[in-house]
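Participant: The primary structure of each chain is shown beneath.
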Amino acid sequence: MEKINIIIDDKQVAVEPGTTVLHAARLIGIKIPTLCYMKLDDLNFENKPGGCRICVVEIEGRRNLAPACKTECTAGMKVKTNTIRVINSRRTVLELILSNHPAECLICAKSGDCELQSLAHKLGIREIHYQGEKSKFKGDKSPSIIREMEKCVMCRRCETACNEVQTVGVLSAINRGFNSVVAPAFEMDFDKTTCTYCGQCVAVCPTGALTERDLTWRVIEALVNPEKTVVVQTAPAVRAALGEAFGMEPGTLVTGKMTAALRKLGFNYVFDTDFAADLTIMEEGTEILDRLSKFLKGDKDVKLPILTSCCPGWVNFLEHNFPELKDVPSTAKSPQQMFGAIAKSYFADKLGIKREDMIVVSVMPCLAKKYESMRPEFSVNGDPDVNISISTRELAQLIRNANIDFNSLPDEDFDSPLGASTGAAVIFGTTGGVIEAAVRSAYELFTKKQLPKLDFEELRGLEGIRQATIDFDGTPINIGIAHGLGNARKLLDDLKAGKCSFHAIEIMACPGGCIGGGGQPYHHGNVEILRKRQSALYIEDKNKPLRKSHENPFIVQLYDEFLGKPLEHKAHELLHTHYFDKKKKIIIE
Amino acid sequence: MGKFKNHILVCLGTGCRASQSEEIIRNFKTALEENDLENDVQIVGTGCFGFCEKGPVIKMVPDNTFYVLVNPEDANEIVLEHIVKGRKVERLLYVDPETKKHVSDSKHMGFYKKQIRIALRNCGFINPENIDEYIARDGYAALGSVISEMTPQEAINVVKDSELRGRGGGGFPTGLKWELTKKSNSDQKYVVCNADEGDPGAFMDRSILEGDPHSVLEAMAICGYCIGANVGVIYIRAEYPLAIQRLKIAIQQARDYGLLGNEILGSKFNFDIEIRYGAGAFVCGEETALIHSMEGLRGEPTVKPPFPAVSGYKGKPTNVNNVETFANIPPIFLKGSSWFKTIGNEKSKGTKVFALAGKVNNVGLIEVPMGTTLREVIFDIGGGIKDGKKFKAVQTGGPSGGCLTEKHLDTPIDYDNLIASGSMMGSGGMVVLDEDDCMVDVARFYLDFTVEESCGKCAPCRIGNKRMNEMLEKITMGKGEEDDIIRLKNLANVIKDTSLCGLGQTSPNPVLSTMDNFMHEYVAHVHDKKCPAKQCKALMQYSIDPNKCVGCTLCSRVCPVDAISGERKEPHKINAALCIKCGACMEKCKFGAISLS
Chain A
1 MEKINIIIDD
11 KQVAVEPGTT
21 VLHAARLIGI
31 KIPTLCYMKL
41 DDLNFENKPG
51 GCRICVVEIE
61 GRRNLAPACK
71 TECTAGMKVK
81 TNTIRVINSR
91 RTVLELILSN
101 HPAECLICAK
111 SGDCELQSLA
121 HKLGIREIHY
131 QGEKSKFKGD
141 KSPSIIREME
151 KCVMCRRCET
161 ACNEVQTVGV
171 LSAINRGFNS
181 VVAPAFEMDF
191 DKTTCTYCGQ
201 CVAVCPTGAL
211 TERDLTWRVI
221 EALVNPEKTV
231 VVQTAPAVRA
241 ALGEAFGMEP
251 GTLVTGKMTA
261 ALRKLGFNYV
271 FDTDFAADLT
281 IMEEGTEILD
291 RLSKFLKGDK
301 DVKLPILTSC
311 CPGWVNFLEH
321 NFPELKDVPS
331 TAKSPQQMFG
341 AIAKSYFADK
351 LGIKREDMIV
361 VSVMPCLAKK
371 YESMRPEFSV
381 NGDPDVNISI
391 STRELAQLIR
401 NANIDFNSLP
411 DEDFDSPLGA
421 STGAAVIFGT
431 TGGVIEAAVR
441 SAYELFTKKQ
451 LPKLDFEELR
461 GLEGIRQATI
471 DFDGTPINIG
481 IAHGLGNARK
491 LLDDLKAGKC
501 SFHAIEIMAC
511 PGGCIGGGGQ
521 PYHHGNVEIL
531 RKRQSALYIE
541 DKNKPLRKSH
551 ENPFIVQLYD
561 EFLGKPLEHK
571 AHELLHTHYF
581 DKKKKIIIE
Chain B
590 MGKFKNHILV
600 CLGTGCRASQ
610 SEEIIRNFKT
620 ALEENDLEND
630 VQIVGTGCFG
640 FCEKGPVIKM
650 VPDNTFYVLV
660 NPEDANEIVL
670 EHIVKGRKVE
680 RLLYVDPETK
690 KHVSDSKHMG
700 FYKKQIRIAL
710 RNCGFINPEN
720 IDEYIARDGY
730 AALGSVISEM
740 TPQEAINVVK
750 DSELRGRGGG
760 GFPTGLKWEL
770 TKKSNSDQKY
780 VVCNADEGDP
790 GAFMDRSILE
800 GDPHSVLEAM
810 AICGYCIGAN
820 VGVIYIRAEY
830 PLAIQRLKIA
840 IQQARDYGLL
850 GNEILGSKFN
860 FDIEIRYGAG
870 AFVCGEETAL
880 IHSMEGLRGE
890 PTVKPPFPAV
900 SGYKGKPTNV
910 NNVETFANIP
920 PIFLKGSSWF
930 KTIGNEKSKG
940 TKVFALAGKV
950 NNVGLIEVPM
960 GTTLREVIFD
970 IGGGIKDGKK
980 FKAVQTGGPS
990 GGCLTEKHLD
1000 TPIDYDNLIA
1010 SGSMMGSGGM
1020 VVLDEDDCMV
1030 DVARFYLDFT
1040 VEESCGKCAP
1050 CRIGNKRMNE
1060 MLEKITMGKG
1070 EEDDIIRLKN
1080 LANVIKDTSL
1090 CGLGQTSPNP
1100 VLSTMDNFMH
1110 EYVAHVHDKK
1120 CPAKQCKALM
1130 QYSIDPNKCV
1140 GCTLCSRVCP
1150 VDAISGERKE
1160 PHKINAALCI
1170 KCGACMEKCK
1180 FGAISLS
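Here the protein sequences come in this chain order: A and B. For the first sequence, the working numbering assigns the number 1 to the initial residue and increments by one for each residue that follows. For the second sequence, the working numbering assigns the number 590 to the initial residue and increments by one for each residue that follows.
To be clear, the hints were calculated from the coordinates, so they are not data collected in a lab. By construction, the Cβ of each residue, glycine as well, lies at the ideal position given by its N, Cα and C atoms. Hints may contain errors.
To be verified - In silico DSSO-like cross-links for lysine-lysine, where the CA-CA straight-line distance does not exceed 27 Å:
1. K893(B) to K80(A)
2. K1078(B) to K490(A)
3. K1063(B) to K122(A)
4. K893(B) to K3(A)
5. K70(A) to K893(B)
6. K136(A) to K905(B)
7. K39(A) to K674(B)
8. K1170(B) to K78(A)
9. K978(B) to K1170(B)
10. K70(A) to K1170(B)
11. K70(A) to K978(B)
12. K1063(B) to K134(A)
13. K1068(B) to K1123(B)
14. K80(A) to K11(A)
15. K772(B) to K3(A)
16. K70(A) to K1063(B)
17. K975(B) to K134(A)
18. K110(A) to K532(A)
What the hints assert, rightly or not - Label-pair restraints from in silico Cβ distances:
19. L886(B) to L123(A): 30 to 38 Å
20. N526(A) to D1117(B): 38 to 46 Å
21. P376(A) to P789(B): 37 to 45 Å
22. K570(A) to L886(B): 34 to 42 Å
23. L1167(B) to G61(A): 57 to 65 Å
24. E828(B) to P376(A): 43 to 51 Å
25. L1167(B) to K80(A): 43 to 51 Å
Just chain B, with the same shape it has in the complex (with noise of 0.2 Å):
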């Protein structure tokens, strides 16, 4: 980082960005300008630092303070205080919600306490838009030391041995992966970067490579070494401009730098990469669906096998790792196989990435051990709850995934516990659920999802999937029929057990997560007619105390349809057959007077 003597980080992460955290940059510019300090101090727009309920985030370099929720009137103030006058601004010092102290280092952030950042290790660190900042960080050591140390076997080995399994959700052992595709002859192979992360609330992959896409280029030509492909294609989401912004930067970069292209590093090795743009197809992350995706047919799966590596892209061999997956591999190479393996438990070694989101205090980006807790996630990392409110279950997996309980909290997070527990990693996506939330309608708004997402090819995910969603509107509307349950899952179990692909095979999950585990909830919407959440709208019913109502005819006259009659100063009524429950009058009444229940 040259010359300065300070350096300011601040996150140009998409959510970040989202809260002005480029005018924030100009504003530094300005203020440093202003003080003479534009020599001294470097600013670096970085990619996420994972803290995203704090965003914007900035990081002071070379103390490592560690400012949140920063405002673009803000960095006048740091910059006269923090770098001139060399104190800390207190006001925006994250608090500690236990010890309600200021934290000024990361570090000793609950939030980052627990998590070991592998995949993320340069998010937050470096400028991604400056190759220099990568290599500074061992950045191509690893693609250098295989290219000219060892065999592709040997390469392959080596992550064989580390155990890696797939990032994208499957799990499948990477290094196998990268073996068989090695033995599938063929005159020319593939290495295709599977980015088309499309779980809601994911952005695990837009992180990395928004904050480091040279470790995925790196590790995608360590890929084609091993596996004798000289062609690499990322397949990205187009609505991931910042992201594709950034991979053009640095394929360009590494090109003139030798490290793409041909001769890679002296070396007889050839590889180059571009980019291919997908239209937002979820189930193009499926990689036989995405490959048709590349060669511009209609973006649908086949049958497994012929399995990609035998035959994928163009019909020739094709390794497609997700962007994760491959963000792993030149640490295994830089730091050992062994290293690897002492992260993580017995069956899942390294880290995962997990995009924390919903009910929970600490949104945002985190990666952590395999074996991790849910508990410790949530609790810890996720700093419980927010408002106070109870836990009720953590939805993992993204839409193709499970609601896990109260009795899953202790499991430690690895693939196989997962699957064994009704949900499965996913690519990562973790969304956080409390008391608030009816399950019955968690499921529905999953199937919402996987309704509109179902490529239309096998009638148990096209036509299924729709039935069941309208099974479950139904049931949420209150008009929930007592064989409904029965019905819905036979359905979801067929479902799951006759789909083409992985979407319709994992659609059911939520339904069938939420059945297992709030079973009385589905009860009590269809035989009751009762949403114990209180979020099923039309299960509910306003009604006026009548002990609280003063007459102040406030409620009769905000009520859109004329539901609510009563003489001023006498208690009001609503009519529930006119109701559209809006809750307007609700809102209105000044002493609490009106009720859900």
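Okay, chain A solo, but in the shape it has when bound (with noise of 0.2 Å):
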């Protein structure tokens, strides 16, 4: 189609019919403030309500202004971005905002990232001239989120990352004029909803309405008591997140100064998730490949396709939407989980030390992880596997606050046993890598042949449905990616059809999988961050030695020495669990 030539500050622009004024002007360097105004490409993520008029500009011929985020570009518009009646507007609304959000930033979780802080001293706000009563609304501390919506700014993000992009359903704009906010029906704790704890909601608020249930000072608690042995286990997609909370460059890789930095908080044993990711490739691929010879050998009742069961809000999606499907995905634990059952039982029996006597705390991207830690049915006698989970964003804040310079810390490796890891369980942080982890073994278990290629570039990207069909030496084995739980929800809906033809599903909460976790840094609406976390865990996994989970030597010494065999006895009892029909759990008080 031809190009719409239009003119906005005195320069002319031609763009695409559809183009937003915004859009249009960023193209030529004009950069209007927004706040409500979100977009992921590629993340099916577009929230633009055109509720928080900031980014309003003045439209020759129109009465009023209008909000460049919404408005479509027509021929010969003529548009003004910084007239006195658009500043003025602008910041008046501005101030209206700042005079209805509790004034506490020095304390808030959001400080130093937030976008309404930074809009304020962008528009350069000294006075908020218009004060008065201030909403007040029902705190929420869940035990993953906690809400605090006397922050809220009605930008109505999270409700389009909670509907519109994972379809959980739980947030929606409730009550009327000063008193409207975004919350579960009724005002409802989290907990008796259906919320996943996915925290995409946390990852897209732009101020401290939504943020993660802070534990640092737990484990500033742990590290400080003698008579506990601390263990510390980091996610993979940590690693190429954390530096962006040190000013680095996003996609830096920083494994070997995260593994230095919490040695100086002095954990006793900085260990590696990618450890058990490994490990949950052995159990997983291997039940793969059992259910797969069963289906293929005729046998009718084997639950085809498989789903991965690593993502903890992925299983809350399912328990709470899906409980018909409860005997399809894996058995297999989370890493997570399966590292803190095998650090309470294998590694303290080598250190010779009680289960109890030792805190096994997590470092995840993730806000589900909290809830998956306190789940009772990871805990032996009220002792759980996993202590304290931790977010990306908490694990910078332990750094910064035990005055560690983490951009000058050099390098070094994870504890031996459980800190050794294959490229496979690197990739386990991006959608797509936990099914290329699985294949790579189960090709090479079920074939008894060497992959020719290690590299699936099939089942890459960000797309949000992916399939592939990878040809296990004559067998064509179909495989379905999701993420984001949309996704997931087409997924299963064509599952419980009868109108599924995959063997293997890997499905991940988050848009991105864990790189785009709830705990991460803020990505602020650029989702090339993600890309390029994307891109760094592809890289750490192309740098690795060992590129298979069945390679890794303490994997087949750990099974050698006490697990015995896959799936069988010792390692199902500590390696798999079950899940629960959540679906009759909402209850209105």
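Given two chains presented individually in distinct reference frames, assemble the corresponding complex, making use of the accompanying hints.
Facilitator: In structure tokens form, the structure reads like this:
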């Protein structure tokens, strides 16, 4: 189609039809400020309710100011983005928003990372001329997410994430006028709803209205307790994002610095969740092969496709929304929980300490992991396998607290034996990675042949639902991948309707997988950051000497010394779980 | 009206019903039975006559005698005197306030003289629960001729040519709206009737639906034929139970007669109507918010475009018109667009229904030609200001409108003039204010409403209106600071300029128009700490005139906070610091010694 010419601040620009004024302006270097607007290309996330009115501009011939984010360019349009009328309106509207916002920046979890704060700074607000009553809402302290809705600016991003991207449907605007807020129905607490704790609402919140449950102080208390052996595990996606919290370029791998920092913080053993990821592949991969072999032999009762079970947000989603499918996912625990179970049995035995005297801390890109670690089935006599789960952001906080100059730290290695991992484990942190890791091992175990090439490009990328057929030496294996729970729902609906021809499906709750988790440094709408984190993980995979989970010598040793064989008695007891029907859990008080 | 010799039309509008008009009907029935007249005289419960000030009203047909302020006890006398003896019951006739003479025919009453009834043509004439009475007054004839004689485009051309504009407030040309919806290609389209009348004090649409529901159904079917829709939806607030009940009856009767449903009047045109209830949110009168509410979503507007004509209910092309707009459609087809254009003025054709309220003698529902002046409405139809007080302002357009003053009295009422004067047509609320009304307080009153009704979606409306309201409250409490007036004006302008929908874009109008016309009152409140209209209690002080006070002590005994002191038989004093301004002392004083200033 022919391009449209418009004039913005006396500069002409030609744009494709359908382009908004906001984007047209960006093309010629005019950055109109926004607040509620957020778009994540490829991730099906577009929030532009036109509600904050910060991006208003003057359009010749129009009576009122128009929101640049919602207004499409039309031929000959003349736009002014910085007249006195626009600037005064923008500042007045921002003052209004600030007049109903707690002035608690000094002690806000979002301070320094808050889009409202940055906007006030950008517009140079020095005085709020319109003071008055502030709205008050019920707080909510769920296992994973804290809601302080007095800080809500009604941008509705969380609502878009929860409903349109994740199709979880817990958050929506309630009440009217000045009392409007985004909340679960009847302002119920999250733990009474079907919230999956995926944390995508937190990931997109511009202010401190939605944040993680901060457990950093509990970590500090554990570290100073001389009676406890404190073991830490770090998930693969953390190393690809932690650097951002210290001003590094997105996609900078900080595995070595992170390990050094954890050691400086005083953890007795710095281990890697990647070790448990390799272990997961052994169990899950064996399970896939087991079901697949039965299926190929004509067993009609075998549950196929098999669904991955590493992601606790996804498991919550299944239990709430598809309990009838609870026998379909792999019974393998998530890497976080496998690690906890092994640390508190195998490794505690090695150290000769009681499991109660060991504290396992996990550093996760994820908020659902906090809830997962508290599930009763993951504890022994009240002692959880994983005691404390903190997010990437909380780890950054701990490092800053301890006066550690992160950027100048030398690289260090993980401790042995639970610190060794293969490249297959590293890519668990991105969408498609778990299934690629599983394929690498399953192929060799199934065909008894060596893989000709390890990089499965067909399984990579950021498209919401992907599929590929992998040739297992003459047997075509159909793989499905979904990230973002809305995409997962589509696959599950197909599965329920019997329209699914996959043998195995990988599902991750967060768009992008763990790299886009709710506990990661904030991306502020820049999807490039997720792409860079993703490529960082593939680079780390490529640079690893071993890239197939079943070749991890410490995994082999673990089975030899302790577990026996995958899926067999001890492995089953420690490394597998089951799922619950939580469909009727909603209770309206 | 059959074999009956006489008819008694009793208003069953909501106002008259509240004043026992149903009991009046029961008493009439008893009285007629007692006199063996039940086969000669028919009682018809009708829709609103409009003259609510004098309700309950009844009309005797055929001689058109109009009785006002009728009590249930009067029924027997009316039957015995009027029907049996043929003598008018003089005491129930309307008394012309000027000539002090009885007026028996409504045609000669000041209230009705300047009115022309198009939208309200059947209200007060027919039994709204009987489709035959509607048909007897040419009902459904327009639908019949449109379906059998016109193509959809020809019919749209008639509406376009009539220059009818939307009566919901925006004034968008109705024919053009229909044409736009017709041009949108889709397998499914919808006709929506916006009956979410939400202005405080407005009851135009309710009266039409209660008094003449078929005219709306007929118009919706015509619209459906024109734009290619076979489903009509009436979105009505659940607080209108009587209108809902009558609509339900009307829809069923129309279906029974083959005027709704499949193959209407033997044609290939199918059209049926369903009712959706609103929860009474003012913003749901805004068409995109209304559509969201119909879809079961939160009632909040979205930015236009896309307009409903392109993407509306369920994402399909949807034509949304207001009740009164629809009520104008059948007469336009029956009498022709050129007839319609003879009424009204240059840019606004036809009539407009107003709910006239406030400090005016004749409160009620009126329909006047566009171009009628405010003076004619307030003084000729409205009978002037109550209790001989001085006219101060008239608020048109409800909470979204503005206050017009003395200088606007001779402005002809039409869409464009009202906007040019700083107000708007709105859906037709008209509240008259007199010298006792404080304009700052009036602005605050309307803001109370808007704050309550904001949906909360956009920041300027959600927070800005609240802040404006707080500032007005501060000013009326005597705590206003010099900067507040400038701040308030800036805030009002920004809210108007930046809000997402019509609600926020117009909510500052009461503030801006009172500031434009009554700035001295704002200044008096802020600078002098005085309320010129003596309405803002915080700025008033009660005092005792020592020359009139006889020291009876009654005031000090009634004062709930012991703010009044004085010796018996000596003049008393009020301690202003303690006084809570309840006014109990002034009410009790028998000597007129206590005053408010």
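Participant: Which of the numbered hints are not met once you compare them with the structure shown?
Facilitator: 2, 3, 6, 7, 8, 10, 11, 16, 17, 20, 21, 22 and 25
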